[in-house]
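From just these sequences and the hints, can you work out the full model?
Chains as they are written, first to last, in this note's numbering: chain A, 1 to 559; chain B, 560 to 970; chain C, 971 to 1393.
Just so you know, these hints were derived from the structure itself, not from any lab. We put the CB at the ideal spot given by N, CA and C, even for glycine. Take these hints with a grain of salt, some might be off.
With beta-carbon atoms standing in for the labels, derived distance ranges [said to hold, decoys possible]:
(1) B:854 - C:1239: 24 to 34 Å
(2) C:1177 - B:922: 18 to 28 Å
(3) A:401 - B:611: 12 to 22 Å
(4) C:1173 - A:160: 43 to 53 Å
(5) B:718 - C:972: 23 to 33 Å
(6) B:799 - A:405: 56 to 66 Å
(7) B:886 - C:1182: 35 to 45 Å
(8) C:1110 - B:922: 37 to 47 Å
(9) A:424 - C:1183: 24 to 34 Å
(10) A:191 - C:1182: 38 to 48 Å
(11) A:73 - B:561: 32 to 42 Å
(12) B:922 - A:114: 54 to 64 Å
(13) C:1110 - B:862: 49 to 59 Å
(14) A:424 - B:691: 44 to 54 Å
Each computed EDC-like pair below joins lysine to aspartate or glutamate, with the alpha-carbon atoms no more than 20 Å apart [stated by the list, open to error]:
(15) B:858 - B:960
(16) B:719 - B:759
(17) B:854 - B:926
(18) B:831 - C:1271
(19) A:434 - C:1322
(20) B:783 - B:793
(21) B:831 - B:820
(22) B:654 - B:617
(23) B:783 - B:820
(24) A:293 - B:617
(25) B:654 - A:403
(26) C:1169 - B:926
(27) C:1001 - B:846
(28) B:654 - B:613
(29) B:649 - A:397
(30) C:1001 - B:565
(31) C:1001 - B:926
(32) B:649 - B:612
(33) A:293 - C:1167
(34) B:651 - A:403
(35) A:434 - A:466
(36) B:654 - A:397
(37) B:654 - B:779
(38) A:149 - A:425
(39) B:649 - B:820
(40) C:1213 - C:1186
Residue strings, one per chain:
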Amino acid sequence: MTTLSTEVLVIGGGATGVGVAWDATLRGFDVVLVDRADLAEGTSGRFHGLLHSGGRYAVKDPRAAEECIAENRILRRVAADCIEDTGGLFVTTPFDDPAYADTFVTGCKATGVDCEEISVSAALASEPRLHPGISRAFRVPDANIEVWKTLWAMSHGAQQRGTRILTYHEVTGVHRSSDRVAGARVRSARTGEEIDIEAQVTVNATGAWAGQIADMAGIEGVRVLPGRGIMIAMNHRLVNTVINRCQMPTDGDILVPIRTVSVIGTTDQHTDDPDDHTVPEDEVDRMFDEGEKLVPGFRQARALRVWSGVRPLFEDAKASDTDTRDVTRAHALLDHQQRDGVSGFVTITGGKLTTYRMMAEETVDAVCRHLGVTRACSTASESLPGSEDGANYRLGERLQRKEASLQDEQVICECELVTRSSLEEAIRRTGSTKLDDMRRQLRLGMGPCQGGFCNYRATGLLHGIDELSAQDANQALLDFLQERWKGTWPILYGDQLRQVRFDDWVFQGVLDVAHAPGAGAGAAGADGAAGAAGAAGAAGAAGAAGAAGAETVASGRAS
Amino acid sequence: MTDLLELALLRGSLDHCVKCTICETQCPVSNVTPLFPGPKYAGPQSERYRVTDEPSVDLSVDYCSGCGICSQVCPQGVKIAEINAQARDKLKRQKGVPLRDRIITRPTWLGRAGTPVAPLANFSLKLKPARILIEKTIGIHRDAAMPAFAGRRFSSWAHKRSDALQSARKIVYFHGCGTEYYEPWEGEKLVAILEHNGFEVVVPKQDCCGLPLQSSGLFDDARKVLSTLARALDPYLTDDDTIIVGNATSCTLMLKREGREVLGLEDDPVLKRVSERVYDICELLLELHDRGELKTDFKPVEELVAYHAPCQQQGHWVGKPALDLLALIPGLQVREMNARCCGTAGTYGLKVEKYDIAQAVGRDLFDQVAASGASTVVCDSETCRWQIADATQRPSVHPIEYLYRAYGLDS
Amino acid sequence: MRSQLHFDAVVIGGGMAGLTAGTRLAQSGAKVAVLAKGHGSTHLSPGTIDVLGYTPGRVTSPEDSLARLISERPDHPYALVGADAVSESLQWFADCAANGPLPSYGYVGGLERNLLLPTAMGVLRPSAMVPSTMAGGNASGLGTVAIVSVPALREFHPTLCAANLTAAGIESRGITLHIEVERADMNPVGMARRFEDPKWRGHFCAQLLPQLRTEEHIGMPAMLGMRDPAAVVGDLERRLGRKVFEIATLPPSVPGMRRYEILRSALRAAGGRLALGADVISHERSNGRVTSVATHAAGRDLTYLADWFVLASGGFASGAIELDSHWVTHERVLGLPLRGVPETGSPRFEREYLSDQPLAAAGVAVDGELRAGGTDNVFVAGASLPGATPWREGSGEGIALASGYRAAAVIAGGLRTEESVTS
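So this is what it looks like as C-alpha cells:
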C-alpha cells in the first residue's frame, strides 16, 4: 500500500475543502485533498449559484448578512472571472407583506448591505418579465458565481504549487490514536487501490457528511442536520438580474440567472441522509407556483432540469427537526483539540457558499494553531488563477470565443458551445471515462437538448481517446443518458417533453442504444407499461416505492 | 403589454426548440456559405447567450438574409427569423449603420429622386464606371440587379384617371414602392383585373412599409414609417368588409405581421386593424374563386412558364395561391420550381459583401429555370423578379400578368 | 370578410402520416389540403420503413409478428388498421418511390423478413423496407466491412461503429478520412450536396482507395446525394470497386428528406395542396362534425372548410398532444379526448430511462376505423394514435403509413357515398 505524507490533509472537495486547500497552499503548507467523487459533487455543485449580497439575511440573521456582504466584495475581486455581476433586486410582489420592505431597508443599512430603491417602472424596464404588480423594488449587489470554475481555479492553482488533489478517493478510515488524529486511509474508486495518508492536521470539510467522518475519527456529537432542497433550472434567462421576494426567507423566493438558465429555488426539508436526492412532486409544484408569482407565464416557460441539494446545517438546540430553515446558516468551526482533547483534527461545517473563503480562513488559522505556527492568510488579496485581470465573467464569452473560430473549430455540445478541442483536452487531462465528469468540467449536455446530440458525439471521442472497448463506450453513453434522465423526468412537461420525445427517437430509434452490445438490463425491458403504475401511487412521481432516498453515488447525479 | 415584454416573449419562443436541425437544412444562406452559422445557431441557440445590456458579440448574425424560411419550416413554432432580426438590429445599433444602408432602405427617397430624371438615372446605373464608383463609395455591388426607374409614378396615373370604375364594392390598394416607381404598369394591370371583377379601387396617398429599414436594423425609423403607412390606409376602411390588397408580397407581409412581431408593435390598434385587412392579390383572387365570385372568362394562353414562390410570399402562410389561379387559365403550363429563395432577400443581395452569397443562394433556382424549358419566370415579388431576370436572362413577371392577358384586358 | 377556402378533406400535419393520407385522398379524387406547421418526422427519422422491430425480442418476420401482435394487442394501431392496410400501404409507398422524382431510387424489402441494418453506432436494427442505397448494409449480406467517414461529421464515429459491428459478428474496421471541407462542422445535408459533385467524389475516392484493404463493403453515413443518390452510390462503387451502402445518421436525415420529396411530389402529382407554416389554432363544430379549422396565417386567420379531417399532427413530439405543468394532458389542435394517459397520482414516467414509460402510449382515443372520439368526421393517423411506443418497438413509419393510408380509404369511401347520394 502506498503511503503519502503531508502536513495538512483536507477531506472534502466542496467549496470549503478546496478553499481550505487553496488557503493552506498559499500559506506554504504541504497539502493533500481527497474527495470520494469529483470536486463539487456534494452540496457545492447543487446550489443555485447565488453570490449573496446579504439582503436575504438582513432582517432575519444579521450576522450572516454582514458576513455575506463582506465576502461578496472580496470574492468579486479575487474570483472575478467566476462571478457575473448580474446585480440583484428585492421586489415586493402582490403576494408579499408591503410592510416588510421598510424593515428590509433598515436591516440592510444596519448590516452594511448596499441597498438602493428604484422605481417600479425602472425595474420593469430592466426586467420586463417581472410581475407587473410589484409595488417596490430595491437594488442590491447580488451576483452569480460559477462554483465549478471557482473550484477548478483554486485546485489547479494549488496543484501548480505542489498540492495533491485526489478525487475519486473515498475515506475508508481515519487514523485515530488516543489523543490525536494522524491522517486517514483512502481507496481509489477507479482502481480499488488503497493509500495511507499521514498528516499532521486533518481537516474534516465534508459539509453534510461531517458527522460521518467525525464518527470515523471517534469524535462524538458532531451533528449535522441535512436540509434538503430542490432547484429547477428554466431553459433560458427569464431575467438577467437575481430576483428576490422582499419578505422573510421562504421556499422558492429566489430566481437566479446563471449561465444560460434561470434557477428557481428552493425548498427546505429535513432528511436523515446527506445523499438524499429525492425530488418530491409537491415541491416541484410549489416551485412552479412561486415562479409564477415572480414571472407571470413561468409555467409556460420550459423547465429544463431539477436537482436536489443537501445543506449542512449544524445543529442548534432550538431548532425543530422538520423545518431546518430556522437552524442557523452560520458556519461552525469545531477545533477538536479544544472540544474533545483530540489534536490534529478540525471540523468545519455549515455555512453557505458565499462565505467559503472566510470559513477556509478560520479553518486554516486553526490548522496553524495545531501546528504551532503563525502564517497570514492571503486569500482576500490573491487572485484565483484566471481572475488576475479583475474582469467579471460575461454570459456572451463562450459565444464570443466561438465566433472567433466559427468555421475552424468543431462544436460538440452546441447548446453550451463546448468545442471538440476543449473536450479532448479535458478527457486527456482527467483520464476520465465518464461523460458526467465532462459535464462538470465543460457543461457538456447541460443545455436544452440535455445531451440529445452531444452524448453520442462525445462518446465517440471518449471511445477513441480512452481506447475503450465498444461495450464500455456503449455503457458510457447509456450512463450519461440515465444521468440526464434523472434530473428530467420529475419536471417533465411541455417543451421539455417534446425534447425528450425527440431524444427518444434519436437514441432508441436511430441509434438503437437499447440493443447495443453490453446494454444490460435496460435492453429488453418489461413489455407491460402497467406494471410500473402500481408502485408509486400517492408518493408521487418522484417519491417512488420504498427504495426512495438512498440513491448511491454510482447511479449518477443530477446536475 | 409593453413592447419590451412582447419582445421578451418573442425570444421566449426559443424554448420550443428541440434542436431538430430542420431549419438548418432549409436555410438558403448557411447552406452556401460558412460565414453564417445557420438559423438554429444564430437564433434560439445564441439567444440564450444574449443579455440586453451587454454588447453583441456574434457578428455573424449579420449574414442572415431575413428570408424567414426557418420560421416557416420549424415544426415547433420557434420564431427563429424574428429572433435573428432582433439580434441584427442590436448589432446594427452597436456598429452604427453605414451610409449605404441608410440610402437603400428608403425606396421613397430613391424613387422621388430618380423618377424625374429617370432616363439619365437609368443610363448612368448601367454604366460600369458609375457602378464601380457606387460600389466603392456606398457598397452596392457593381453587378447587383438594379431596377430601372419608370419615369412616372403609379399614383399619378391612379389619381388622374377619369375612367375609374365606381362601385359599391370598394377595395383599398396598397401598391408599394416597387409599383410606384419602377413598375407602375403592374399597378395598372391589377386595377384592371379588380375592376373587371366589379371592384372600385381606391388608392390612398401612401408611402413605404418600412421593411428595408427593418431588414437593415433601423428599427426606430422602421416603426415611424410603418406607423405612418397604417394611418394613411386606416381611414379608408369604412366598413367591416373593406379590405386592402397589395401585389408586393414582401410589403404586404410587413404590413400583415412582420412589422408587428419584429418591431414590437402588437399593441398599436391602428396597425392591428389594418394588418387584419391586408390581402395579397393572388390570395384574394383565390378566395373570391372559392366563393364563386371570381370571373373565370379566361382565354387560353399557350405558354410554358416557371413559377417561383418568393420566401416572403411563403411567409404569408397561405400556401401558393398563384399556382391555383394560374391553373384556371387554359393552355398555360406551369412548372413549380423547387427552391426556397432566389437569393436577393430584398436588399440583402445588393450589398457588396453579400452579393456573392446571394448569387450562390439563387444558383439552384436559376439552374432549375434553365432546365425547365420555360420562357418566363412568374414570381410574386418585384425584388425577386429583378434578381431572377438578371440571372436567368428571361423575363420575370407577376402572376397577374397572365390573368390580365387571359381576361383579354391587354387588347 | 372572413378568409376561407373549401376542400373535400383537410389533413392536419405534414409528416409521414399526413402526406400519406393527403396523397391517397388526392389520388382518390378528393380536393385536399395538407396543412403543415413545419416539416415533420420525414426529415428526422432514418428513412427506412420500420413496421415491427421488437416485441420486445427482435422480430425476424414482420408478417408473422404482426399477426400475433394484432391478436394480442387489440388497442394497437396495427390492430385498428388491419394487416391488409399495412401491406397495401407499404406497396403503395414503394410504388411512389419507384415512380418518384429520384432516378432509380427505390425501396427494397417487405413484410416477409426484416432486414438488419447497422445504425450509426453499429447496432443491428431491424427494418422492413429500406432505400436501395441502404439495403447493401443488410447484415446477412455483409462480409468484411470498412466504415468510412470524415471528421467534419460530428455524430458519426467510424471506429465505434465498426467496433460494435464486429461485436455483432461482422468483421469491420473504421476509417476516418481526413479530407478538407470548408468548415469544421458539416451536417449530412451539406455533405450530400458535396457528394453530388463528381469532382469531389473523385477526390474523395482517391484519398480513400489507398487506405482500403480487402474489405468488400463500405458503409458510409447517409449523405450520398439528395437528388440522385443512386447515381452517386453507383459512381462511388465503380471508383472504389466495392459495394457501398448508406448508414442512417442522427438528424438531419438525408434519406428522410428524400422520402419527403417522394411523398410531396406524389401529393402534387395527384393535385393535392400543401401549405407550409400553417398552424391550426382553432376549429368549428356542428353536432358531431368538425366543420372547419383555422390556421394562423399572417395578419389574420385562414379558415379551411371541409367535410373530412385527418389529424396527423405528431403526438407529443410536436406538442400537438401536450402535458402541461399541472400534469394535465391535452390534445391541442381539436381538443379531442385522449386514451392511455396515466391516472392522476400514477407515475407518468419511470426512473429507468430505457424502461416502458407510462405516458408514452397515450394518444387520441379512436374507434376501429380511426375515427376520433366524439366526432363523425375526424380521423387520426400517425404518432397521435395511442397504444404503441413506436421508437421502442420499431414501428414508427409502419404506423404512419398504414394509418394514413387507412384513414384516407375510409374517408374516400365516405366521399363516394356522399357523391352517390347527391348525384
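Hint check:
As the Cβ distance of residue 854 of chain B to residue 1239 of chain C is approximately 29 Å, the hint placing it in 24 to 34 Å holds. About 27 Å separates the C-beta atoms of residue 1177 of chain C and residue 922 of chain B, a value consistent with the hinted range of 18 to 28 Å. Distance hint for residue 401 of chain A and residue 611 of chain B: a CB-CB separation of about 21 Å, consistent with the stated range 12 to 22 Å. With their beta carbons about 47 Å apart, residue 1173 of chain C and residue 160 of chain A fall inside the hinted range of 43 to 53 Å.
In this structure the supplied range 23 to 33 Å holds for residue 718 of chain B paired with residue 972 of chain C, their Cβ-Cβ distance being about 32 Å. Separation of residue 799 of chain B from residue 405 of chain A is about 57 Å and conforms to the stated range, judged on CB atoms against 56 to 66 Å. Under the hint 35 to 45 Å, the C-beta atoms of residue 886 of chain B and residue 1182 of chain C, about 53 Å apart, miss the expected range. Checked against the hint of 37 to 47 Å, the pair residue 1110 of chain C and residue 922 of chain B passes, with Cβ atoms roughly 43 Å apart.
Between residue 424 of chain A and residue 1183 of chain C the C-beta distance comes to about 28 Å, which sits within the given range of 24 to 34 Å. A hinted range of 38 to 48 Å for the beta carbons of residue 191 of chain A and residue 1182 of chain C is consistent with their spacing of about 40 Å. Our hint of 32 to 42 Å for residue 73 of chain A and residue 561 of chain B holds, since their Cβ atoms are close to 35 Å apart. For the pair residue 922 of chain B and residue 114 of chain A, the supplied restraint of 54 to 64 Å holds, since their beta-carbon distance comes to about 60 Å.
Checked against the given bound of 49 to 59 Å, the beta carbons of residue 1110 of chain C and residue 862 of chain B, roughly 54 Å apart, stay inside it. Distance hint check for residue 424 of chain A and residue 691 of chain B: the Cβ-Cβ separation is about 48 Å, which falls inside the suggested range of 44 to 54 Å. Annotation: proposed proximity of residue 858 of chain B to residue 960 of chain B holds, straight-line Cα distance about 13 Å (limit 20 Å). For the hint pairing residue 719 of chain B with residue 759 of chain B, the CA-to-CA distance comes to about 15 Å; that is within 20 Å, so the pair holds.
Simply put, residue 854 of chain B and residue 926 of chain B have alpha-carbon atoms about 36 Å apart, too far for the 20 Å limit, and the pair is violated. Of the supplied pair hints, the one linking residue 831 of chain B and residue 1271 of chain C holds, its CA atoms being roughly 13 Å apart against a limit of 20 Å. Proposed proximity of residue 434 of chain A and residue 1322 of chain C is supported: the alpha carbons are some 19 Å apart, at most 20 Å. Under the criterion of a C-alpha separation no larger than 20 Å, the hint pairing residue 783 of chain B with residue 793 of chain B is consistent with the structure, at around 15 Å.
Under the criterion of a C-alpha separation no larger than 20 Å, the hint pairing residue 831 of chain B with residue 820 of chain B is consistent with the structure, at around 11 Å. Between the alpha carbons of residue 654 of chain B and residue 617 of chain B the distance comes to roughly 12 Å, so the proposed pair stays at or under 20 Å and holds. Proposed proximity of residue 783 of chain B and residue 820 of chain B is supported: the alpha carbons are some 15 Å apart, at most 20 Å. Between residue 293 of chain A and residue 617 of chain B, the direct Cα distance comes to roughly 34 Å. Violation of the 20 Å bound is thereby established for this hinted pair.
Proximity of residue 654 of chain B to residue 403 of chain A is assessed by CA-CA distance (about 16 Å); at most 20 Å being required, the pair is judged to hold. Between the alpha carbons of residue 1169 of chain C and residue 926 of chain B the distance comes to roughly 19 Å, so the proposed pair stays at or under 20 Å and holds. Pair hint residue 1001 of chain C plus residue 846 of chain B holds up; C-alpha atoms about 15 Å apart against a cutoff of 20 Å. Of the pairs offered as hints, the one joining residue 654 of chain B and residue 613 of chain B holds, with about 14 Å between alpha carbons and a cut-off of 20 Å not exceeded.
About 17 Å separates the Cα atoms of residue 649 of chain B and residue 397 of chain A, which keeps this hinted pair within 20 Å; it holds. A hinted pair counts as satisfied when its Cα atoms are at most 20 Å apart, and residue 1001 of chain C with residue 565 of chain B does not qualify at roughly 39 Å. Note on residue 1001 of chain C and residue 926 of chain B: the hinted pairing is violated, with a Cα-Cα distance of about 32 Å set against a maximum of 20 Å. A distance of roughly 10 Å separates the Cα atoms of residue 649 of chain B and residue 612 of chain B; the hinted pair therefore holds under the 20 Å criterion.
A threshold of 20 Å between alpha carbons decides the hint, and for residue 293 of chain A with residue 1167 of chain C the separation of about 58 Å lies outside it, so the pair is violated. This hinted pair checks out: residue 651 of chain B and residue 403 of chain A have alpha carbons roughly 17 Å apart, not beyond 20 Å. About 10 Å separates the Cα atoms of residue 434 of chain A and residue 466 of chain A, which keeps this hinted pair within 20 Å; it holds. Between residue 654 of chain B and residue 397 of chain A the alpha-carbon distance is near 19 Å, which keeps this suggested pair within the 20 Å criterion.
The straight-line distance between the Cα atoms of residue 654 of chain B and residue 779 of chain B is roughly 16 Å, inside the 20 Å bound, and the hint therefore holds. Annotation: proposed proximity of residue 149 of chain A to residue 425 of chain A holds, straight-line Cα distance about 16 Å (limit 20 Å). Using a Cα cut-off of 20 Å, the hinted pair residue 649 of chain B and residue 820 of chain B holds, with the two alpha carbons roughly 16 Å apart. The straight-line distance between the Cα atoms of residue 1213 of chain C and residue 1186 of chain C is roughly 7 Å, inside the 20 Å bound, and the hint therefore holds.
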